[in-house]
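Number of protein chains: 2
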Amino acid sequence: MMNKVTCLRAGAALSALAISALSMPAQADTLFDNINGMSISRDGKIHRFAAMVVGDDGRITHILKRDDKPPKDVEYREDGEGRVVLPGMVDSHLHLMGVGLATLSLDLSETRSLAEAQQKIAAYAARFPDRPWIVGRGWNQEQWGLDRFPSAAELDAAVADRPVWLMRVDGHAGWANSRALALAEITEQTENPEGGLIMRQAGSKAPAGVLVDAATSLVDQQVPPPRPEDRDLALYNAQTLLTAQGVTAAADMGTSIEDWMTYRRAGDTGHLTIRIMSYAASLPEMLLIGGTGPTPWLYQDRLRLNGIKLYLDGALGSRGAALKQPYADDPGNSGLQLLNGTQLRNLMSRAAMDNFQVAIHAIGDFANAEVLDAVDELSESYEGDRRWRIEHAQIVDPVDIPRFGQHGTIASMQPIHQTSDRLMAEARLGPDRLAGAYAWRSIAATGAPLAFGSDAPVEAPDPFAGIAAAMSRADAQGQPFGGWQPQETVSLGQPLAAYTSVGAYAGFGEGRFGELKEGQHADFIVVDRDPALNNPEDIRETRVLQTWIGGVKVYDARDGMEELKTETEDDAADYDPAEDYTMQADTAGEDTGEIGR
Amino acid sequence: MMNKVTCLRAGAALSALAISALSMPAQADTLFDNINGMSISRDGKIHRFAAMVVGDDGRITHILKRDDKPPKDVEYREDGEGRVVLPGMVDSHLHLMGVGLATLSLDLSETRSLAEAQQKIAAYAARFPDRPWIVGRGWNQEQWGLDRFPSAAELDAAVADRPVWLMRVDGHAGWANSRALALAEITEQTENPEGGLIMRQAGSKAPAGVLVDAATSLVDQQVPPPRPEDRDLALYNAQTLLTAQGVTAAADMGTSIEDWMTYRRAGDTGHLTIRIMSYAASLPEMLLIGGTGPTPWLYQDRLRLNGIKLYLDGALGSRGAALKQPYADDPGNSGLQLLNGTQLRNLMSRAAMDNFQVAIHAIGDFANAEVLDAVDELSESYEGDRRWRIEHAQIVDPVDIPRFGQHGTIASMQPIHQTSDRLMAEARLGPDRLAGAYAWRSIAATGAPLAFGSDAPVEAPDPFAGIAAAMSRADAQGQPFGGWQPQETVSLGQPLAAYTSVGAYAGFGEGRFGELKEGQHADFIVVDRDPALNNPEDIRETRVLQTWIGGVKVYDARDGMEELKTETEDDAADYDPAEDYTMQADTAGEDTGEIGR
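Heads up: the sequence lines are chains A and B, in that order.
Residue 1 is where the first sequence starts when you use UniProt numbering, and the numbers rise one by one after that.
Residue 1 is where the second sequence starts when you use UniProt numbering, and the numbers rise one by one after that.
Check each hint, because a few of them may be wrong.
Cβ-to-Cβ under 8 Å is the rule here; a few derived chain B residues that face chain A [what the hints assert, rightly or not]:
id	residue
1	Pro228
2	Thr262
3	Leu283
4	Glu285
5	Leu288
Chain A regions said to be covered by chain B (calculated; three or more residues, Cβ under 8 Å) [claimed, not checked]:
id	segment
6	222 to 232
7	253 to 264
8	278 to 289
Cβ-Cβ distance ranges computed for the label pairs, FRET-style [unchecked claim]:
id	chain 1	residue 1	chain 2	residue 2	range
9	A	Thr566	B	Thr187	55 to 61 Å
10	A	Asp385	B	Asp43	55 to 61 Å
11	A	Asp385	B	Lys69	25 to 31 Å
12	A	Thr566	B	Ser381	49 to 55 Å
13	A	Thr566	B	Glu563	24 to 30 Å
Quick caveat, the hints were computed from the structure, so don't treat them as lab data.
Even glycine gets a Cβ: it sits at the ideal position worked out from N, Cα and C.
Pulled out of the complex, with its shape left as it was, chain A reads as follows (with noise of 0.2 Å):
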């Protein structure tokens, strides 16, 4: 029996009548049936269902079989007239700020011309005039079919009375109007950085306003770090954009202390709705964050510092990541070691000493043996459950794939990855090292976990496009036709574990969330499609209806996604100090698992 409240509550979650509310929490016992739901667990198994019940706490009390009797108690019954609900996507390799950071700057990408970037950049200075400093990113000479690079002078053009600074598309120039070039005291007395370009005026050694790679930090130096505010609707906005997604959880790879102080802030104030697996960009940060150890479960599990992000190598574009043999289309060089073995060793045992875990950054097959050895060796004196995770595993010489599934170290991979780097791979490495190249299949039989990502906000991130990829191994285009390399394609279950359940494994979440099982958190998502019906092309296509996070949901494609916050509202003006802090201890560290939206 239900009464006209349950008809609306029901109403508001799944059905297209219904009026919908964000963030409204499932209160008491509520029945989600007429679902066509599915779990996958770590060994890649799909695990159906037709009904769950969420407990007013936002965890799953019961998940029923098509012809299991609900419990009698419920108070509140939600139809999902069939839908398909999955398990919230966990991102396992992302940079959290970085994608919010990325929506307060200026977006170029789609200009079209000089003109339109100028009179683009003209209206937004006009509309931050607080900004010291212009900051953007996303242009390409080539897109405005420029045969040349753009002058400070035409970026005068458009501000000249505030510092300008816009990277290119690839992040690998930067360009500088003359009041940036000045206070980053850039003039024709200045040489070249190692390993970077100062483009010149014609005819002069006077800087022309375009700087190539090394050169960049030059400007960047000069940019003011974000204010706290800002950082505040960095969160706000790459949450927004990540339960668009059906991204529920992340792992934050290279979080600083400023960073990890926004998390708290929004955590503190009942703001905090993905729930993040850090890991510190430094060691001082990680002893100032965690102490003694990695933190507890924070927010009713949204918040842990689980340990330390390290760097071994660069990356394959710039030929920094580090090979066993000479870059193919580079003879003279083999990659950049950031840290030396016994570096590596001496930070790894650090972590572990104080049962911190562990994540390096290693992409050439170099790398990935260092960090192989590193963890044979340091399995001696750190027993028990270290997780020892490698982060993107891109080129792994075949005679060291066995040896991920020694100690189960963790492969954190991004399938997209594959997709947008398979020719300048094939470049960099000649046609004969591409057998350990982003070996999912590979890798995940020898028993090693296997989790995904997407590394946002160096790509977008979007689970479905991962899955499709890790199916396919084609890009969205469908090329190549038949898929590069396509023995490590990876079925269904692989990619749906490696983005739920063995990213939780990952950053040990698994018991919280990653599965729709009882006891867990009720994070889920409602998509268009069943993706074991459909084939990759389809599966890259997958629409999230709904986002919900701990019983609560967080987005609804019907109401579209928020809209992303370019200022904080000044709320100096009314200021009174009781009713503020009346307020905040409302939600301060109250964990009533509510979202504050």
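The hints should help you fit chain B onto chain A, whose structure is shown.
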């Protein structure tokens, strides 16, 4: 009607027959009756009551007069046996980690000879073989009957293998061994630094071992900062010491980011006992912690960043306090102004802009006048409830005293300083400038809130010593007879309020703690005498029998104070993440109000 369980629980709380359990939560509604209770409102009025009811959330639900009927539904009754119950004491100015870290260093204040000190130093070094430095304090060569300073060689005789650095009792000189001098690179070539002296060996320029004033920083710079585990121990010890003194809340004056993270670790794992009103040690730290404003009250009102601590001048003893006229005992010197007027106003303005509270150290009459000027000017731009605080306000020109009342500027003062400093103050100021010295009664008469504290670890954090000093202006020996400048004594209600309700108000804690009133946390102490029936000398001897915070007993004199910890028990050996995390998840931010001791 009471069943057996009830009797036991009742017993556990107050009666002498009881089995006792530290931090036993008052689960369900508990009636504390047959008590001689008093609460003090901010106007200094004492409100008596005979019983109170504490709910299972640790808050007071009823305050009952002698003949009031208790509510029917209380589960437990605890017989106060007529004992005196006061609100938990609020210390409005101390250095929490300073109190704790002092317990981790070697204390030589009890040593009676150089030989005894050497023996104690050697034993301490043997006990802590892992400590890279041996750090201590409290030595006094006069107490040793030595007519000279001790030497580095005499310290080497105790410990030679590690650097040793020991501060004199007055904090104005440090005693280093040869390793410490070598690490600080102090040789015969080293010149005396400005404002400092390197004692030399007889007939040579070689350092003798003792460094005075500014020269001490040469070694201080070499001492490694405390490790996170040391900070955790320090906080544990500080809480143990303070609760044993009846202190249940404190304003932490100068919280570093490391301090703050230590408080959060304790809060996150359910080990934060007392209530901390935090004032950041610097503007960057304030912004890093609070970001866009004060933090919410965290952990059931146990932690909040209120704002920032600023230093405008130095101290009277070292003639650093900024005076309007030169020092009587140093005619060329009027003290130090550590911030000029513009810097002071800019910092106050930056903080107030985001509603952070500002607490300013001002000891000399010039410094106090300067702060009062700044408050007067800034009050025009920053309306609302700002609660500007002046810390110490020791020497105020009588013409400035009325200005405390104008904007409700809070005078945060430490009565015990008056009894410790009076002879020194007479020397520094001469007889004619004492009218506005430690002028509690005159400042309170302006209507300015008067908040009292201890400045621990500079003075012992004993509130009853402070209350006695405030009422008598005489020290523990009753000196001087009749009190020093007795016209500035205050009567009982004033210091009691300054240590409870006004202390809470001074840190935006009113309504949460500081009074025994319905809706406030049950923070109270049981003491062995009624302050209203005793003279100051006897009030100074008050014994705290029990201390309760949020309805949980955290100290019981019958058990004695918990032993202070000197080392972390190493748990890395039997490390089981799953267990570990489950334990943590239970307490993490869940805010059960239970103290996880």
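Comparing the hints with the structure gives:
1. Hint status for B:Pro228 relative to chain A: holds, with the closest Cβ pair at about 3 Å, below 8 Å.
2. Given the 8 Å rule on beta carbons, the hint for B:Thr262 holds: about 7 Å separates it from the nearest Cβ of chain A.
3. With 8 Å as the threshold, the beta carbon of B:Leu283 stays out of range of chain A, its nearest partner Cβ sitting at about 12 Å, so the hint is violated.
4. A cut of 8 Å between beta carbons decides the hint on B:Glu285: the least distance to chain A is about 10 Å, and the hint is violated.
5. With its C-beta approaching chain A no nearer than about 6 Å, B:Leu288 sits inside the 8 Å limit, and its interface hint holds.
6. Counting residues of the segment 222 to 232 of chain A whose C-beta sits closer than 8 Å to any C-beta of chain B gives 4, which meets the bar of three, so the coverage hint holds.
7. By the rule of at least three residues with a Cβ nearer than 8 Å to a Cβ of chain B, the coverage given for the segment 253 to 264 of chain A holds, with 5 such residues.
8. Counting residues of the segment 278 to 289 of chain A whose CB falls under 8 Å from any CB of chain B gives 3; the rule of at least 3 is met.
9. For A:Thr566 and B:Thr187, the Cβ-Cβ distance of about 59 Å falls inside the hinted range of 55 to 61 Å, so the restraint holds.
10. For A:Asp385 and B:Asp43, the hinted distance range of 55 to 61 Å is satisfied, since their beta carbons lie about 59 Å from each other.
11. Roughly 58 Å separates the CB atoms of A:Asp385 and B:Lys69, a value that falls outside the hinted 25 to 31 Å.
12. Checking the proposed 49 to 55 Å range against A:Thr566 and B:Ser381 shows it is violated: the Cβ atoms sit about 27 Å from each other.
13. For A:Thr566 paired with B:Glu563, a C-beta distance near 56 Å fails the hint of 24 to 30 Å.
The structure does not agree with the numbered hints 3, 4, 11, 12, 13 stated previously, though it agrees with the rest.
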